[in-house]
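Visitor: Numbering (my numbering), first residue to last: 13 to 299.
Simulated from the structure, these hints should not be mistaken for lab results.
The structure presented is a predicted model; accordingly, all values stated were derived computationally and were not measured.
Here are the computed lysine-lysine pairs in the DSS-like style, where the Cα-Cα straight-line distance is at most 25 Å:
#1 K278 with K43
#2 K278 with K116
#3 K68 with K43
#4 K179 with K75
#5 K179 with K200
#6 K278 with K59
#7 K116 with K68
#8 K75 with K43
#9 K200 with K176
#10 K176 with K75
#11 K176 with K54
#12 K178 with K262
#13 K75 with K28
#14 K178 with K59
Label pairs and their calculated CB-CB ranges:
#15 L109 with E211: 39 to 49 Å
#16 E269 with A299: 19 to 29 Å
#17 K59 with H126: 37 to 47 Å
#18 P51 with H265: 23 to 33 Å
#19 D41 with H250: 54 to 64 Å
#20 E61 with L24: 33 to 43 Å
#21 A299 with Q106: 20 to 30 Å
#22 L208 with S38: 37 to 47 Å
#23 A99 with K262: 44 to 54 Å
#24 P51 with V264: 26 to 36 Å
Quick reminder that beta carbons are idealized off the backbone N, C-alpha and C, glycines included.
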Amino acid sequence: IEVSYSEVGIALCQRKYTLDILSDASLSDCKPSDSPMDPLVKLDNEKGELFHDPEKYRRVVGKLNYLTITRLDISFAVSVVSQFMSAPRTTHWQAVLHIVRYLKGAPGRGLIFHDRGHHIAGYSDPDCLEVTCYSDADWAGCPVDRRSTSGYCVFLGGNLVSWKIKKQSVVSRSSAEAKYRAMANVTKELQWIHMLLVEIGFSVTRPSTLHCDNQSAMHIASNSMFHKRTKHIEVDCHFVREKVNCGELKLVHTRSEEQLADLFTKPLRSGRVSYICHQLGLYDMHA
Numbered sequence: 013i014e015v016s017y018s019e020v021g022i023a024l025c026q027r028k029y030t031l032d033i034l035s036d037a038s039l040s041d042c043k044p045s046d047s048p049m050d051p052l053v054k055l056d057n058e059k060g061e062l063f064h065d066p067e068k069y070r071r072v073v074g075k076l077n078y079l080t081i082t083r084l085d086i087s088f089a090v091s092v093v094s095q096f097m098s099a100p101r102t103t104h105w106q107a108v109l110h111i112v113r114y115l116k117g118a119p120g121r122g123l124i125f126h127d128r129g130h131h132i133a134g135y136s137d138p139d140c141l142e143v144t145c146y147s148d149a150d151w152a153g154c155p156v157d158r159r160s161t162s163g164y165c166v167f168l169g170g171n172l173v174s175w176k177i178k179k180q181s182v183v184s185r186s187s188a189e190a191k192y193r194a195m196a197n198v199t200k201e202l203q204w205i206h207m208l209l210v211e212i213g214f215s216v217t218r219p220s221t222l223h224c225d226n227q228s229a230m231h232i233a234s235n236s237m238f239h240k241r242t243k244h245i246e247v248d249c250h251f252v253r254e255k256v257n258c259g260e261l262k263l264v265h266t267r268s269e270e271q272l273a274d275l276f277t278k279p280l281r282s283g284r285v286s287y288i289c290h291q292l293g294l295y296d297m298h299a
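Work out the full structure, taking the sequences as your base and the hints as a guide.
Guide: Structure below.
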């Protein structure tokens, strides 16, 4: 990982590693693609012939997984192709090459942690400890098992500090249920961040802000009466509602256009990818 310091802040990128991946895939001189994954492509276990070199598939996908340390814009696409490591097919390999061609467009892209003028030593500025997160889920997005994918990103003092993509362990019966399970997952992460800040000596007085674009999921979190149709997610309901009631968590509805966690749950068009990357603090350090 390459680290650079400036008046703007601290920048992390993996440019040399990205160029090595391009070389390994024989795409150093390729035409770049404008998005990590084609939104129209749905991968499964049956379409296409078995790929002739599964070891190469696993090697390149393994390298892409390591690259997601700083290139979270490819996280969703890499999580999809990683599901076919045991028996990759030609369609899966084409999706991998699509990701690599996307990297060609900006091999020096990485995370920037901006210096926003916070005085951490005395943390006189309360914004330096403001925790904000975005949570989302696609409903039944996987064509193989119809399980949903949860995704979230967490900001501390305006800088991205945590993000995750994970397929849900059970099949959700509605979009509200899928997004509520995603809210429960990020609430656990927020609790851990809160405990970490307290442990290292910071006094956290503000509630964490959780942005969600589903009104039904937010209603489940704030309504004390359970409906029969939500009984199967009662444990998650109690967990999130407890944090809301004790003042540790504040739920905020956000428009779908402003949902930054979209990048972690579904393939997006190039304009949407560029917008979210800018909001998350991803820039090309060598542009």
